[in-house]
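A.B. asks: Residue numbers (this note's numbering), protein chains in the order written: chain A, 1 to 462; chain B, 1 to 267.
Hints in this document: simulated from the structure, not taken from any laboratory.
There's no promise every hint is true.
Said to hold, decoys possible - Taking lysine-lysine pairs in the PhoX-like style, the calculated list, with each CA pair at most 25 Å apart, reads:
1. A:123 x A:108
2. A:424 x A:20
3. A:108 x B:181
4. A:20 x A:105
5. B:181 x A:78
6. A:105 x B:99
7. B:181 x A:105
8. A:20 x B:188
9. A:339 x A:386
10. A:20 x B:99
11. A:185 x A:171
12. B:156 x B:99
13. B:99 x A:21
14. A:348 x A:304
Said to hold, decoys possible - Computed far set for chain A versus chain B, every beta-carbon distance over 10 Å:
15. 91
16. 103
17. 106
18. 150
19. 373
Unchecked claim - Covered by chain A, per the in silico footprint, the following chain B stretches (three or more residues, Cβ under 8 Å):
20. 69 to 76
21. 122 to 131
Beta carbons: idealized from backbone N, C-alpha and C, even for Gly.
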Amino acid sequence: MEQKDVIIRLEHISHSFGEKKVLEDINLYIKKGEFITFLGPSGCGKTTLLRLIAGFLSPDEGIITLEGKDISALPPYKRPLNTVFQRYALFPHLDVYDNVAFALKLQKLPVDEINARVQKVLKLVSMTDYEDRNVESLSGGQQQRIAIARAIVNQPKVLLLDEPLSALDLKMRKDMQIELKEMHKKLGITFIYVTHDQEEALTLSDTIVVLNDGRIQQIGTPTDIYNEPQNAFVADFIGDSNLLDGTMIRDGKVRFAGHDFDCVDSGFGENTPVDVVVRPEDIYIMNNTDAAQFTAVVKSCIFKGVHYEMYVDSDAGYELVIQDYNAFEVGSEVGLIIKPADIQVMHKERLCNTFEGEMTSATSVLFMDAEFDCLDCGLQKGDKVKVEVDFDKIDLLDDSHESDVEAHIRNLLYKGDHYHLEVKTAEGYTFFVNTNDVWDRNDLVGINILPEDIRLSKLENE
Amino acid sequence: MKTKKVVSQIYLWLVLAVLYAPIIFIAIFSFTQAKSLGNWTGFTLDLYKSLFTGATSGSQALMEALKNTLFIALVASLVSTVLGTLAAIGIFNMRGRWKKSIQFLNNVPMLNPDIITGVSLFLLFVFLGVSKGYTTIILSHITFCTPYVVLNVMPKLVQMNPNIYDAALDLGANPFQAMLKVIIPQLKTGMLSGFILAFTMSLDDFAVTYFTAGSSGIDTLSTFIYADVRKGGLTPELKPMMTIIFLLILVVLLFVNLRAVKNTKKS
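Construct the complete structure from the given sequences, taking the supplied hints into account.
C.D. replies: What follows is the structure, encoded as structure tokens:
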């Protein structure tokens, strides 16, 4: 079972900070010599995962093995891994040489050897002749190089990099990306890289692990992740995309944006609700409307350097974004074609909100720590129930005082003709809402649900 | 325009004169032998001589008090620096409400009037049955000095990149080595200013020492002078001693300031 080329294996890793679960049941293996990236928005748990591997945290559950040995309980100074920290974390009281030599001096190596190894890594990061410089007198990019030199001088089996380029300006970042990639090739060791920048992840990695809310969303090569996202989150997070609700009519036929399209996906069953993603560069746009699958009116057209980015309103009322080398006049009617292979069909993660609740009377039910009126359907006080509410049946209110539930908008996805919002209550419950209203991330909202929109079914007591 | 400048100059010198007149007054009269302050009986270095040779019983007692003062201040401020630094690191790594409460509790002893600290320590030692002496004085001084060290070290911790401790561990240092080789060097300046502040607080103290020395017969400068005045008249050698202490402080301050100027110029 144990593959020879696996260097690190994470099994059932969970971790919480106090009450808050930041990682849940992470399973992952990392191959020797691989450049692997943990990618996700802030707060998704990617840095926590890296710190668990480095040993600064120990997992609540699960084990971490390095070359087959369990290292979960090993303190960081006994793990043969080294880290490049966010904002460098160089030692300000030491000069460049002593920073790089820190690990070697701790091992009490002979002076000649320390010297030789420090010189070697300084050369590798093109920072020779800087030995005596005070680290705080160096530029951000130079400090970054020293941080890398310090981390690789001890010849770690794995190099961990925690958003190492985030403090650099754009130009510098691009240059450093290329250098990191070359360094990875030259050193031949495993790189584990953490970033929230999807472009950086696509550029650098052999493998990308997309994380959100403490769970792995998808693991794959950059092309896999981009071309075949497995769910709406990944599709939205990586690159630009048109994300739409659709219905898989049968194998090879999907309906979305008001039209039926041929596609290459199968195995979803018949008339199954799905998420559909089409990349903006994969929609063919032309002035000829006769040969098109459907038509649209151009709403805006912006020059982006290499291509034009256009927003169009389709004939069925969906807003789509299209990238093309040619500009189309705003207000003109255009024809659109989407090829079967360019349509990515994904399982929906959920079809409606489901909660566990308890009847507080025949016509009221308690869920999400709040009481809601419901229709009398023969249930009695104290009955445990499964509560279902459709996404579009939850009203969001501007004024949270009018409601028993206070919640924040966590995430939003635009689905062409409506927004799909992820909302989290103060008590930590998460629910999803479809709405045409425009909300912003972190908006504070109250909620209202009509009694007839609450579906109840009794849970059998065990 | 010109008169305005002159007026402001006069004002400045007036303020300085008021501030420094008392010490200059003592310095001048340290060079004469007259028993009562204010009488000039001709220039002489006799008081300096007798201070250092211990020619009179008064000067001997004075020197003894000075030694006590310095000894107590040195021990108390050294211990406070160690305790305060550890406490600051501990508090810094706490989270949430606890951190806030402990920081608040740290500030209370500094604002608490000395007399209350003194009396309550006195009562505590009586209650615990600890006999009065160096132990009680030094323990008390450590008690009121430590919060100042915490207060001086804390900002250094806040400025520090939070990852450098992790970085040291990552590079193979065990927690003790990381503390010694990475954290302490970052806190050095804060610890030094905490130490100096603790030292001067201890030198200065009267109320706490008075209550915790009890009848042990141990006198620091402040309690000695207090007793001396009540016996009638100050020991004359006090004047040269005050002058010397003032000059020493002046030299130290000048040195520190000049170094600071040099450092800012360098960077």
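A.B. asks: Decide, hint by hint, whether the structure agrees.
C.D. replies: Verification of the hints:
With a C-alpha separation of about 23 Å, the suggested pairing of residue 123 of chain A with residue 108 of chain A holds against the 25 Å cut-off. Using a Cα cut-off of 25 Å, the hinted pair residue 424 of chain A and residue 20 of chain A holds, with the two alpha carbons roughly 13 Å apart. In summary, the hint linking residue 108 of chain A to residue 181 of chain B is supported, as the alpha carbons are separated by about 14 Å, within the 25 Å threshold. Taken as a hint, the residue 20 of chain A and residue 105 of chain A pair is broken in the structure, with Cα atoms around 40 Å apart against an allowance of 25 Å.
With a CA separation close to 18 Å, the supplied pair residue 181 of chain B and residue 78 of chain A stays within the 25 Å bound. Note on residue 105 of chain A and residue 99 of chain B: the hinted pairing is violated, with a Cα-Cα distance of about 36 Å set against a maximum of 25 Å. Only pairs whose Cα atoms come within 25 Å are accepted, and residue 181 of chain B paired with residue 105 of chain A is accepted, the gap being roughly 11 Å. About 37 Å separates the Cα atoms of residue 20 of chain A and residue 188 of chain B, which puts this hinted pair outside 25 Å; it is violated.
For the proposed pair residue 339 of chain A and residue 386 of chain A, the alpha carbon gap of about 42 Å is over 25 Å, so the pair is violated. In summary, the hint linking residue 20 of chain A to residue 99 of chain B is supported, as the alpha carbons are separated by about 20 Å, within the 25 Å threshold. Of the supplied pair hints, the one linking residue 185 of chain A and residue 171 of chain A holds, its CA atoms being roughly 22 Å apart against a limit of 25 Å. A hinted pair counts as satisfied when its Cα atoms are at most 25 Å apart, and residue 156 of chain B with residue 99 of chain B qualifies at roughly 17 Å.
A distance of roughly 23 Å separates the Cα atoms of residue 99 of chain B and residue 21 of chain A; the hinted pair therefore holds under the 25 Å criterion. For the suggested pair residue 348 of chain A and residue 304 of chain A, the alpha carbons sit about 32 Å apart, so the restraint of at most 25 Å is broken. Not every CB of chain B is more than 10 Å from the CB of residue 91 of chain A (nearest about 6 Å), against its label as outside the interface. Against the 10 Å criterion, residue 103 of chain A falls within the reach of chain B, whose nearest CB is about 4 Å from its own CB.
Not every C-beta of chain B lies more than 10 Å from that of residue 106 of chain A, the closest at about 5 Å, which undercuts listing it as non-interface. Under the 10 Å C-beta cut-off, the non-interface status given to residue 150 of chain A relative to chain B is violated; the minimum distance is some 7 Å. At the 10 Å boundary, the C-beta of residue 373 of chain A stays outside the reach of chain B, the nearest C-beta of that chain being 38 Å off. Given as covered by chain A, the segment 69 to 76 of chain B fails the check, having 0 residues with a CB less than 8 Å from a CB of that chain where 3 are the minimum.
As drawn, the segment 122 to 131 of chain B meets chain A at 0 residues by the rule of a beta-carbon pair under 8 Å; below three, the given contact is violated.
The structure fails hints 4, 6, 8, 9, 14, 15, 16, 17, 18, 20, 21 (numbered hints given earlier, in ascending order).
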